[in-house]
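Let chain A serve as the given structure and place chain B on it in line with the hints.
Chain by chain, the residues:
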Amino acid sequence: MHERPLLLPSAKTAILVQPTYLRYEWYVRRVGFVVGLFCVLVGAADLSSRLLDSGGEDAAFLAFAPAAALGNPALIGSSTPGILLPARLRIPSLGVNARVESVGIKADGTMGTPQDFKNVSWYSLGAKPGGEGSTVFAGHVNNALAQSGVFEQLSQIKKGDYITVADDAGRSKIYKVVTIEEYAANAPTEALFATRGQEQLVLITCDGEWIPSARTFDKRLVVIAKPAY
Amino acid sequence: MTSKVLGLGALALALFVPSFAFAQTSTTGLLNVYVQVTNQSGTAYSPNNFTVALSGQSPSPTSFQGSQSGTLVSLQPGNYSATVTNQYSYSPSYSSGCTGNISAGQTQTCVITMAMATSTYGWPYNPQYPHYPQPQPLTCRTDTPTVGLGQSARFTSVGGPGGTYNWYAASQNFPNIGPVLTTTFQSSGTHTVTVVNASQTATCTVTVTTSYVPQPTPTYPTYPTYPTYPTYPSYTQPTYPTYTSYMYPRFPNTGFAPTTGAEMAFAVVFVMGASIALYPYARKTFALAVR
Chain A
739 MHERPLLLPS AKTAILVQPT YLRYEWYVRR VGFVVGLFCV LVGAADLSSR LLDSGGEDAA
799 FLAFAPAAAL GNPALIGSST PGILLPARLR IPSLGVNARV ESVGIKADGT MGTPQDFKNV
859 SWYSLGAKPG GEGSTVFAGH VNNALAQSGV FEQLSQIKKG DYITVADDAG RSKIYKVVTI
919 EEYAANAPTE ALFATRGQEQ LVLITCDGEW IPSARTFDKR LVVIAKPAY
Chain B
9 MTSKVLGLGA LALALFVPSF AFAQTSTTGL LNVYVQVTNQ SGTAYSPNNF TVALSGQSPS
69 PTSFQGSQSG TLVSLQPGNY SATVTNQYSY SPSYSSGCTG NISAGQTQTC VITMAMATST
129 YGWPYNPQYP HYPQPQPLTC RTDTPTVGLG QSARFTSVGG PGGTYNWYAA SQNFPNIGPV
189 LTTTFQSSGT HTVTVVNASQ TATCTVTVTT SYVPQPTPTY PTYPTYPTYP TYPSYTQPTY
249 PTYTSYMYPR FPNTGFAPTT GAEMAFAVVF VMGASIALYP YARKTFALAV R
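In the order they appear, the protein sequences are chains A and B.
Residue numbering for the first sequence follows our numbering, beginning at 739 and increasing consecutively.
Residue numbering for the second sequence follows our numbering, beginning at 9 and increasing consecutively.
By construction, these hints were calculated from the structure, which means they are not laboratory data.
Wrong hints could be hidden among the right ones.
Quick look at which bits of chain A chain B covers, simulated, 3 or more residues with Cβ under 8 Å [unchecked claim]: (1) 767 to 779; (2) 849 to 856; (3) 873 to 880; (4) 896 to 910; (5) 914 to 925; (6) 936 to 950.
The structure displayed is predicted, hence computed values, not measured ones.
Don't be surprised by glycine CBs; every beta carbon is placed ideally from N, CA and C.
Looking at chain A on its own, in the form it has when it is part of the complex (with noise of 0.2 Å):
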């Protein structure tokens, strides 16, 4: 249509010959549909991960659910009796329900930390819920990518609020949020991966200000709950 032919006297044959603002506009139209298109499929990835990573099988649950239904636990479940090995935490009030990873400690002496920034790292050589001490997790506040870790939110959780760690079998322990404190990154941890003395689950994440020489932040955010049913 907008193409015009350029015709020599002399010439047996045409050539259409494209204008130049034509082709940059062909052009910027394709790349705008590829990024657009990049952009609803990088979205949608996105959307369907936090989904099913945040809300697993729970999803619709807590999608749908009254607010105040998050905060009633034996909507979720009840404590089983017994030791078990926790294999999902979650966390109804902040949208949290990860896979637990078996962590022991690192060749630095840290505690092990989840390969998958979405789920969370239990310290497999301390306690274990349901028994004497306190069962600890760590989990990442953020990734490389600037994405958002599974614990990106936890200094937003409040003091009663619940926490349920569950076992394969489907049995599972409830826990209450009843101390939320700040730590140094070097502070002492004794106190908290203490493996008597009475149950509590430790949830560790990073916090403050991020330290480049040490490659670290300078906080740790260190959320405890004690058992509620």
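Relative to the frame of chain A, chain B by itself:
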């Protein structure tokens, strides 16, 4: 000068006093008189209510109040006799040492036991029940008939109506020490030991020599073998796992370097530019692939 005289005087005393003592003990005999009262009631008499009179060769003292801890009387060699002069309603019994002959340097023991006089009627009423089994008479056995100076001598008393055994030796008494007496003697010769059980008295003698006398291994009556108690398993402290080497981990590093807005904008621009630059090649590649 004065001190020299005093020193010589003290030396003389030290030399002559033992001589006098030796002379004293070598010419007289000693009698230890013990008085005890049995069957005492609430208003009964005590040993010092009784008077003991000594007859013999110049006894000193000749008469004295009885004492359970003993009264030492010196006598010239010869016959002697100790008697209680006021018996009230008590009946005295005398040990063998209360009458006899004493020689110079000898020591005898006299035990006088004052017991309530038995009566068929009247007061105090002290009936006898013949059907009661009568206890064995008190006897005294010398387990070590001959011992040396400082060696232990052993005496055993058997029988007697009571449960209290009071032992009396020449230089010491041993009240209520049971049926066996083990003691030593510091002078040679024949020594008499008296045991008193209630109203009965028995006497043992032992010869003390100046040399050591080996004693045969005493054969004491074997006591019944009591059943051994079962051995209970000893309580073993349960071994708890030791946590001494337990190493607490430090806080985990759960964060990555936060991304700034400029970094994000640069990344977006970079990705878009790369996409634009590579799009023709990607399109050609796709076209070739699907052709």
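For each hint, the structure was consulted:
no. : hint       : result
1   : 767 to 779 : holds (count 5)
2   : 849 to 856 : holds (count 3)
3   : 873 to 880 : holds (count 5)
4   : 896 to 910 : violated (count 0)
5   : 914 to 925 : holds (count 4)
6   : 936 to 950 : holds (count 5)
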